[in-house]
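Input sequences plus hints: build the corresponding full structure.
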Amino acid sequence: MSTITGRNALVSGKTSRYEFVAGGMIAVSALLFALGVASLFEFVTLTDPIAGLPTVTVLGGLLVVIGGGVIGLGGASRLELIETTPDRSAGLVAAGVFGSLWFGIGSVVGTELLGIGGSGGLVPGLLLGGGAFAVTVLTREDISSTVPAGVLAIFAGAVFLAGVLGPGWSWSPGSFPSDNAVTFFPSVVVPGSVLLCSLLVGWASAKAYAGFGARGRHLGAHVLIYLNALAIIAVLFGLVGFVVSKGAPTAFTGFTIGLGVGPEVTALGVSFSLPVSWPFLMNGASVFVKIDGILPAVVGTVWLVIGAVLFAVPLAVGAAVFLAEYADEGRFTSVVEVATNGLWSTPSIVFGLFGASFLIPRFGGSKSLIAGMLTLGFMLLPLVLITSREAMLAVPDGYRDASAALGVSKWQTIRSVVLPAALPGIVTGVILGVGRIAGETAPILVTMAGGTLPAGSETIDVIGGFEFISTPPFVTNEALLEASSALPYQLYALITAGLGGPQFEDAPFSALDFAWANAFVLLTVVLSFYAIGIATRYYFRRKLNR
Amino acid sequence: MSESSTTDEKTETESTSIADPTPRQTAGTEPSTSGASTTSGESEEELHEEWTDYHFEGETHVSVENLDVHYGDDHAIKDVSMDIPSESVTALIGPSGCGKSTFLRCLNRMNDRIKAAEVDGSIEVDDVEIYQDGVDLVELRKHVGMVFQQPNPFPKSIRDNVSYGPRKHGDIRTGLIDRLLGRDESDAERELVETALKRAALYEEVEDRLDDNALGLSGGQQQRLCIARALATDPEILLMDEPASALDPIATSRIEDLIDDLSEEYTVVIVTHNMQQAARISDQTAVFLTGGRLVEYDDTEKIFEEPESQRVEDYISGKFG
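Protein chains in written order, with our numbering: chain A, 78 to 623; chain B, 15 to 335.
Among the clues, some could well be false.
Short derived list, chain A residues pointing at chain B, Cβ under 10 Å [said to hold, decoys possible]: (1) D474; (2) Y476; (3) R477; (4) L483; (5) A498.
What the hints contain is simulated information worked out from the structure, not anything from laboratory work. Fair warning: this is a prediction, and the values are worked out from it, not measured in the lab. Note that the Cβ used here is the ideal one computed from N, Cα and C, for glycine as well.
Given below as structure tokens:
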């Protein structure tokens, strides 16, 4: 269908008015999509006005505009006012999507607004859905992909503009049994319908922009994928931002930097005051400190991760070397593979119970740091094993051949060629594993956890706990055998203890604030383990490739 | 497991086609499978012993007697005997799947790394049988270096690549303990790296960046680095498995010049698919034809100008293979 004149217009780089409008429509859809995401996370509240108008009205107006606009684009193409290359139909997938959406709207309108009882309420739904399906299948692509989407946007916009979804609005479908009733509120319905409509209209206008046909489908898919990726990133940042905004103010209460403001520490026999004072991280929780903190839990989590990594990584990498380099591929390796995969998906509480019933009796009979370390180490083993094995198998055989041809023994080859080349992959496995175990609550609960809100004096001191004696085993560490807290466990304990009242007498924040700050610190600790891992991987990759 | 996976490795065109039991029709060439002794377009003829009976002046460096190699049921090399003269270039040519790479890998016992491979017969290097009990593979492979089809430098610095062999063999000590005890041999390492790179005609190009990663070099430079790496262990024999087939014409001609220079000091055995290359650089040529048989072995000029075997003449003139 593309003619010489069409191609000339493309080459000349002039943007026609049609393309300008379609591009603008894509931009407005993207803006609406962003607004929808923002209002879902309450960055934009529905009750506050935007530019003097109620937010719902603004959203409704925009929906009506893009709905009308996209229908106009489709109409212009159908009336052949502009040069496009539409197919004969938008296809079954689009028809299915439009049909089911319109069926849902029609059914809701039929049963709730018109009050048709029984299955008769579905009749409007069937009519609308069937109509949308037929329109999409039977009409040319320029009409079939724009009109159902545009009408849907106009309908949603009209509902918004009519003020139906005011702040007091809610809808409980009567057909649900009353004891587990479902209620929809505007805070969910409005962003949800905005997201849906903007996705559909964005897709349709992207198709229109590229003139429908194969190029249109290509661009339409691109817009959908980009908006989807935007939503995922928004969820991620929304989540982190939410925790930070809730927790950071409390976590930084009383944070000061200056010479000698911090607590006194002794290192290498010299006592000095730290230049930083961060009460929330440097205090325990007790009536004797002004600002309660979570030092014991932070230290517990750090030692827990260090212990688990020291225990699991050498074992797992050793096993991976055996599996990848020495064992013959066969029944044995596949059994090991199934077993490690199964172990990795084993629920963490099962590991916890194993630790509680197997490890604790062997380490003094009470919950202890070392039992927690080993339990989490067992959890870490399978993932590090799987990823290390994959990383070693991915090392080119050319390296092994070259090394063997130089007369270098197998073990030396593994040590000086295979392992360094596999290191980035191994580190990736450790990062993923640490990310999981650092936030584990259940195993800690049953193997390690101490009091709910430990005081600063209960902070575990693993380094100071080492004692050297002249009789076997020559070195003991009391600290490893003590119960300790950890950040995820402490958060859990705070929540179960109740978040209603104030923390302690004359504490500057409530129990809820304290819990949010705890969550913020947990998130920061886990993310910094990630950051360390990513930096390590980057370092080794650079060393290999440059 | 890495052992068994070497059977289907890409650098080993020979073993790939052998390990593959289904005959494939690729550009008129049918890789040898058990039973098939000719390829399409190839006529049948009787082999004559005198065709492979090559007499040369000078010393024999490698002597192969009645070599047979089996990969499981596959008879990859059938009763090959040939003597390789020292300080010369010997080319092994033949169609895909004729066993020339397998033959080459027997000379430094690289076939030991393939579990399915079974080698019978005798190979003597400097009059010492290398297929007997108690052969030190480390010494053998130091003595018989090898360069592969794909340039395969380690992801390390250029310097570390070259000094890898001697360091791992303990010939050069640069470890922490040695540094602490004052036995550090960094000077010796520097000298060795320089000598090896100069012999491989690479030194001038990389002089200033010996500590850069070897993967940053071009393909031709990487292959010369691999040659330098093989030379660093001070071998006397250098095996080359299609060393230029993955390189562009300019890099190829540099490698060819290098091989020419190396043949003054080393015994070079080179497998190639490229007959012009064999004609250009080799002193004598051995032609393997389908079925893992050595058909003719003589001076390169003789092979390319008046071969005894009709099949060799057909192969050289491009009628098959």
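Hints, one by one, checked against the model:
1. Nearest Cβ of chain B to the Cβ of D474 (chain A): about 5 Å, under the 10 Å cut. The hint holds.
2. Annotation: Y476 (chain A) was flagged as interfacial toward chain B, and the flag holds, the nearest CB pair being 6 Å apart, inside 10 Å.
3. Using the Cβ-Cβ criterion of 10 Å, the hint placing R477 (chain A) at the interface with chain B is satisfied: the shortest such distance is roughly 6 Å.
4. Annotation: interface hint on L483 (chain A) holds; nearest CB of chain B at approximately 4 Å, less than 10 Å.
5. Given hint, A498 (chain A) at the interface with chain B, holds; its Cβ is 6 Å from that chain's nearest Cβ, closer than 10 Å.
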